[in-house]
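A.B. asks: Listed here are the chains, written in short residue letters.
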Amino acid sequence: MPKYTRETLKNLLDGKLPFSEVKVMMSSFKDPERFEMMLEIHQSRVPWPEKILLPLGLHLYIVLKENGDRVVKCDCGYEFGDYRKNWKLNALVYVRDTEEKIAEIYPKLMGPDPRWMEIREYYCPGCSTQLEVESVPPGYPVIFDFKPDIDAFYEKWLGKPVPTVE
Amino acid sequence: MPHKAKILAIDAGGTMTDTFIIDEKGEFIVGKAQTTPHDESIGVANSSRDALKYWGMLPEEAFPTIISGIYSGTAMLNRLLERKGKRLGLIVTAGQEDYLRLERGIQTYLGYSYSDRLHVATHRHNEPLIPRERIRGVRERIDLFGDVIIPLYEDEVFQAVEELLDQEVEGICVNLLYSYRNPIHEVKVREIAEKVMEKKGVQVPLFLASELYPVRRDFPRLNTLLVEAYAAEPSRGQLERVQNKVNELGGRFNIRVMASHGGTIGIDAKKLAPTLVSGPIGGVIGGKYLAEKLGIKNVVCTDIGGTSFDLALITDGEFHIKSTPDIARFILNLPLVQIDSVGAGTGTFVRVNPTSNRIELGPDSAGYRIGVSNEQENLDAPTISDCNLVLGLLNPDFFLGGDIKLNKQRAIEVIDEKIAKPLGLNVYDAASGVVRLFEDSLKNQVVAMVLGKGYAPVNYTLLCYGGGGPLHVGGCTEGLDFEDVIIPTWAAGFSAFGCACADFEYRYDRTVDLPIGGIGQLDPMTVSVLLNAAWAELRQKVISQFEKSGIPEDQIKFRHAVRMQYQGQLNDLEFYTRTGEITKKEELDEIVEEFENLYGRIYARSAKSPELGYLVTTAIVTGTVPVEKPDLPNEPLAGPEPPAEAHKGTREVYWRGNWITADIYDMEKVKPGNVLKGLSIVEAPATTFVVPPDQEACLDQYRIFHLRKKVNKFDIGGI
Ligand SMILES: [Zn+2]
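Just so you know, the sequences run in chain order H and F. Quick note on the UniProt record's numbering: the first sequence kicks off at 1 and runs consecutively. Quick note on the UniProt record's numbering: the second sequence kicks off at 1 and runs consecutively.
Among the clues, some could well be false.
Partner residues are not named here, just some residues of chain F that face chain H (Cβ under 8 Å, in silico) [as the list claims (entries may be wrong)]:
#1 Arg-117
#2 Ala-121
#3 Thr-122
#4 His-125
#5 Asn-126
#6 Glu-127
#7 Pro-354
Everything labelled a hint here was simulated from the structure, so no lab data went into it. Beta carbons are placed, not taken as given, at the ideal position from N, Cα and C, and that holds for glycine.
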């Protein structure tokens, strides 16, 4: 079973490992300690005390609040609310739905036709970091990317109890 | 009696240079020395010296009698892998400048295991051999019929060449669309480039696709051209140094190099890229040579090495050729002896998948290392060899003739902990299960390949070699009715032996795309004239190559071949034609008929689709000059009973759930004519041959074992 040092996993997270090394990691069985170690690395990097239950994406985590709530939280500390609700509904959104707005980021004729497709950019109200982008037909519902079953993941996959407030 | 060295075969690998020297009686010696990358000739000399000490000779004494020398090496390949080739510039048709960055999708996962091929996150682009900054597009266009539809914008060529020279390129490659159809624009680019170079007072070599690789498929053609200019041509100096060293040591023969099509070529060959891909083909050439010598028509060549299982077919005395092989994650336009390679060898790691709780073999392997039983290697996953050791098939005190002592106890402990316990088995059943899984997967590959070519095992003789071949040949052929199963006693050195069996042969290919019948058909005699012209041009190329070695035309044996397909289909088939000059329509009909038969055999008769006509895609000419080849040993036959001194003793072996007492023999002392009944284990320093319980092995006068079902005394008349 492969085993990696915390240093290696930090470099992996930061995109600093050479591809050849990443390739070997991807092609091997998953190291059993990976989740635990990655969680510790994330936890050591955020400025707030709540325990991270699951990383949710770049800059976002599901954390355990003192009252037992599980909420989506940005690195900056901004909270988006219960993880079972789509955090995007509480984010700032910028919709590129005209030729001009699309021309800001794509060369002419290389972006989508706004009558068919619009680009929605979601930003953190706390730190204004771009958190997610979706490209959908106009009128399409906001995409709910991921609603994990945290209890099942901890108990059935990791084989340990899900963290709770003491 | 002193030995008279006759043939020298050199294999300069990444770390070690092996030398194989054969005398006139077929006896051979093998030497090893460190490869010396800065000047390979030093390693070659050292390696020869190491070999010749077995005959008590010095290179200076042995070299003068050698009449044939073959070299194969990995220097070019390493130059390519390490991206240490020439600084090149490239001129392409405008619009194609990003070819090397876009690649073909397949190049992002070539060489990957099946699971990684499905795992898109692992796919990755190659670093281009030429960065985008040194690639220039020039406007021009030739269409697929060879007609100029946009003339060459010559001023753009002037500018491109000037800029590339200003960027201090060491060579310029030119690859324009459809240049194999009509080279006029590439030729013009060369003229302009020569003018610019003269004006600037610099000289760099030019490489034109239409001249070196005039074949269809744009991207592999570009790759091949680049590999030639980037890695192959720069290695010519190394070959010359090896030749000089040979001469210095008193050798009076010209070194030849193994090429991808299965022949050897001179070191002054115009194209050297074909020598870069020749890695594992030696064994197949040896197989073809054995087939000739033994009068066998169809052979399945199987090579079980440390990291891979290679298999190839010889049908009607010929190996098969594939036209777009890949090497180092580049698809190339070169004829390569068709070998299927599976990442499973005796060094393959064995693990239990924690998710499915099943045994998994590889895909990675210990490479040249053995396994956990060799403690110095510090491996933590067991290998197939470790399993063989635990089962009693390998002798821990006689690995490489005893040079390496294996720790059986450690193998037992590691396999028990990592394989047996997680599966809930005892260690012997676990090891036995692993070996059966390994052998079954090899067997499936063999069957798939033979059936895929439209044959059944009964049509073929299976030849098994490589260090691990003789140990697993019984398991891999179990239940398959091969005509015969043969194992040369020199199985471990068979690839080197094979290299020494290669003809001196040049091969040239040219895309012709001549339609026969169907829509857009040409008059059959027009097709014939054009095909004749292509063959004649290729013959001329062969002649001029041999001329460089001072060989006159009348000594060359020419053979002509075509690649052909049904119009509209994608895959063409290659076969030799009876003639190289079609003079009447019947001869063309005969070629069509030959194609139909071949197609019907490989696919299915019902899949034939002549309605749309045929297309002769490629004209091919090979020219061969006879060279000295190794003689096979030929010893008098003794009786079936092996001599007492050949019997080394007995050993308990765990075989499919039972402990069985195996007879152990010394391979060198077994006499031709002897029959060894299973379960027997025949040991030689470089290999171990296992005769399964229900089988027996008979050694023939050429020192080749034949493995067959035990002869029942009641039906002995049938043999
Ligand atoms: Zn934020």
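A.B. asks: Take the shortest C-beta to C-beta distance between F:Arg-117 and chain H; is it under 8 Å?
C.D. replies: violated, 11 Å
A.B. asks: Just to be careful: measuring from the Cβ of F:Pro-354 to every Cβ in chain H, is the smallest value less than 8 Å?
C.D. replies: holds, 6 Å
A.B. asks: Holds or violated: is the Cβ of F:Glu-127 closer than 8 Å to a Cβ in chain H?
C.D. replies: At 10 Å from the nearest chain H Cβ, F:Glu-127 fails the 8 Å test, so the hint is violated.
A.B. asks: With a cut-off of 8 Å on the beta carbons, see whether F:Thr-122 makes it to chain H.
C.D. replies: holds, 5 Å
A.B. asks: How about F:His-125: closest beta carbon in chain H under 8 Å, or not?
C.D. replies: Violated, because the Cβ-Cβ distance from F:His-125 to chain H comes to roughly 10 Å (cut-off 8 Å).
A.B. asks: Can we keep the F:Asn-126 interface hint, with Cβ of chain H closer than 8 Å?
C.D. replies: Result: violated, 11 Å to nearest chain H Cβ.
A.B. asks: Using Cβ atoms only, decide whether F:Ala-121 comes closer than 8 Å to chain H, and label the hint accordingly.
C.D. replies: holds, 6 Å
The structure fails hints 1, 4, 5, 6 (numbered hints given earlier, in ascending order).
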